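S.K.: Each residue of the sequence shown is one higher than the one before, counting from 1 in the numbering used here.
Treat the hints as calculated values from the structure; they're not laboratory data. Keep in mind that the hints are not guaranteed to be accurate.
Unchecked claim - The calculated DSS-like cross-link candidates involving lysine-lysine, where the alpha carbons are at most 30 Å apart (straight line), are: (1) Lys-79 x Lys-94; (2) Lys-121 x Lys-108; (3) Lys-13 x Lys-34; (4) Lys-13 x Lys-52; (5) Lys-121 x Lys-106; (6) Lys-80 x Lys-100; (7) Lys-34 x Lys-79.
No experiment lies behind these values; they were computed from the predicted model shown.
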Amino acid sequence: MNINSNFLNIRKKLGFNQTDFAEKLETSQNLISKYEKGQVELPLKIINNLHKVFNININWLLTGYGEMFENQNNLSVEKKDIDLVSSILEELNKLTDLQKEYYYHKIKSDALENEIKENLKEK
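Build out the structure end to end from the sequences listed, making use of the hints.
M.R.: Take a look at the structure:
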């Protein structure tokens with residue numbers, strides 16, 4: 001495997017079309033196509049974005065050795081998760097600072113409540 005086929009495999013594994021993948025990597029669909037075909041080398045910016053945005057193992061990208069994603073114990077990122085987080089962030093930006101703080105604490109308390117319930121089930 002080479003870096004271009006690895007790049008294509010990442011996009012397919014994550015379930016993106018070229019246009020959506022380009023948006024997440026802050027580039028154009030045309031360049032995504034050229035990267036996948038090996039017509040243009042992957043620039044360092046794209047390699048860094050793959051790591052930052054999708055937790056891609058750079059060693060795997062460059063060599064094919066190891067796991068595609070770093071921290072395989074963590075949940076892998078899927079397109080639906082990224083879309084959900086993106087839509088939440090869009091709505092969050094519409095709120096006042098006080099509302100943002102309220103929802104932050106609400107989410108934290110709900111998560112803590114779920115954790116407590118899970119711990120009680122285990123006992």
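S.K.: Each of the hints needs a verdict: does it hold here or not?
M.R.: Checked hints:
1. Lys-79 x Lys-94: Judged against 30 Å, a Cα distance of about 23 Å means the pair holds.
2. Lys-121 x Lys-108: holds (20 Å)
3. Lys-13 x Lys-34: It holds: about 19 Å lies between the C-alpha atoms, which stays within 30 Å.
4. Lys-13 x Lys-52: holds (17 Å)
5. Lys-121 x Lys-106: It holds: about 23 Å lies between the C-alpha atoms, which stays within 30 Å.
6. Lys-80 x Lys-100: Satisfied, since the Cα-Cα distance of roughly 23 Å is no more than 30 Å.
7. Lys-34 x Lys-79: holds (22 Å)
Every hint, counting from the list given before, is met by this structure.
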